[in-house]
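Protein chains: 2
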Amino acid sequence: MLAFYRALQQALEENRAAVAARILQVSPELKEVLKPGARKLYYFSGPGVGELGNKEVEGIIASQVEEVLKRRKPQWVHVPLGEGWVDVFLEPVLPEPHLLILGGGHVGQKVATLAKEVGYRVTVVDDRPEFANRQLFPQADEVICDSFASALDRISIDPSTYVVIVTRGHRHDYDCLRRVISSPAAYIGMIGSSRKVKGIMEGLAAEGVPRERLARVYAPIGLDIGAETPAEIAVSILAEIIQVYRQGKEVKSG
Amino acid sequence: MLAFYRALQQALEENRAAVAARILQVSPELKEVLKPGARKLYYFSGPGVGELGNKEVEGIIASQVEEVLKRRKPQWVHVPLGEGWVDVFLEPVLPEPHLLILGGGHVGQKVATLAKEVGYRVTVVDDRPEFANRQLFPQADEVICDSFASALDRISIDPSTYVVIVTRGHRHDYDCLRRVISSPAAYIGMIGSSRKVKGIMEGLAAEGVPRERLARVYAPIGLDIGAETPAEIAVSILAEIIQVYRQGKEVKSG
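Chains A and B are the protein sequences, given in the same order.
Following the UniProt record's numbering, the numbering of the first sequence begins with 1 at its first residue and continues without gaps.
Following the UniProt record's numbering, the numbering of the second sequence begins with 1 at its first residue and continues without gaps.
Bear in mind the hints are in silico, worked out from the structure with no lab data behind them.
One thing to keep in mind: the hints can contain errors.
Unchecked claim - For lysine-lysine, the following DSS-like pairs were computed, each having C-alpha atoms within a straight-line distance of at most 30 Å:
1. A:Lys-196 / B:Lys-73
2. B:Lys-116 / A:Lys-116
3. A:Lys-73 / B:Lys-196
As the list claims (entries may be wrong) - According to the in silico footprint, chain B covers these stretches of chain A (three or more CB under 8 Å from chain B):
4. 107-115
5. 215-228
6. 231-244
Glycine is no exception: its CB is placed at the ideal position from the N, C-alpha and C atoms.
Starting from the given sequences, assemble the full structure and let the hints guide the process.
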């Protein structure tokens, strides 16, 4: 029990997404091996902590972890096992959003500032040293000056990552979206007119990216509040991210 | 013409809401007195600058100023005059929003910080010196430590004022709302649960405030994005204010 809570706390401290599983109810036949109250913490990747009491049940729950993290809502699962059954309660343990801002221009700068006000962890990537620097992003947790391709190869994207694609141009946006579209990110938003967005989507579909994956993308980015200035656009993006984070909008698994 | 543009620039610099009127078309009978292209700048209060050429027409346009500022959209007006008519184009000249934050608590602080990021002018009022001070509001344009009643007696509220009511309690919110409900503010938002909001609205209706005026109030305040923390609530409030500012949501004149 203590090990479970230690692991839970550590997951939160390390900003690792996890799912806390707890046995709710067990049919009489299985009471010997599965105990109500037994807990196991599942990480998005890697081995978990704790035991539910039965490897088959643990495996079935493990296969649900990604889905629970994507829905970002607690749920329970009814698992039939031989003659009996067990009900397991699954709760997502989500760190504060990790904002990955691809593009260090005006909008990226304002998004970074606002996101820090909200308490999020912020990483900024740009390939231009005059944009990816500490002067422009004093509060960001990480500023990476590298090509988007190379940076995205190194950055780990998990279900608590929110990706904001606001590079300086169509080609870079396209490239970034192609590299993050298959990730388990909670949110992928891309700036641009409906026309540009449509062009990029058609290009990616022609490359073989499934339509369901493309439908996950929030584009044009941000809530529709008539935003015009970079700061107003940043507010609309943050409002959209908070909505996804808090209301656990269903993300299509693609 | 030059006087008109000087006045226009000055209105913007002084954050005064105004309406720019220009004669578009004139019926043949009136071409002697009313010239297409003639301009006059109307302030929300006080005398205007420029001349349209006929006092009766100028008076009729003056009576439309408040409505144009409330709608925040350009429009034209057809004015019959004797045997003829004149078409006048009216354009609202709106300074950046002036945010009047009533209440210096957690939400007020975050709203102030975000509003400055967006470029708005910010005034904060609280009656407690430990909340209405420069340490908590380093970027605000004005921090007023006074009773809400006395502060609101002195602050001028015009169609570019956005009022955010986030005091520490029900009674102060009630008092503030009662004092601003009849103002020409572009936006009045009040924090609180639906239940609290309903109670306040019923109290004011019982005091004789018309229902149409109460319907103007954005309450519960902020876009519905599931905001929980003060910073998230502040983002939802700013997003709502940007929406009203940019999309000129129709405000009932009450």
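Hint check:
Note on Lys-196 of chain A and Lys-73 of chain B: the hinted pairing holds, with a Cα-Cα distance of about 28 Å set against a maximum of 30 Å. Of the supplied pair hints, the one linking Lys-116 of chain B and Lys-116 of chain A holds, its CA atoms being roughly 15 Å apart against a limit of 30 Å. A C-alpha spacing of about 28 Å is found between Lys-73 of chain A and Lys-196 of chain B, which places the hinted pair at or below 30 Å, so the restraint holds. Note: the stretch 107-115 of chain A has 3 residues with beta-carbon separation from chain B under 8 Å; the three-residue rule is met and the coverage holds.
Under the rule that three or more residues need a Cβ within less than 8 Å of chain B, the assignment of the stretch 215-228 of chain A holds, with 5 such residues. For a cut-off of 8 Å, the count of residues in the stretch 231-244 of chain A with a CB near a CB of chain B stands at 10, and the three-residue condition holds.
The structure meets every hint from the earlier list without exception.
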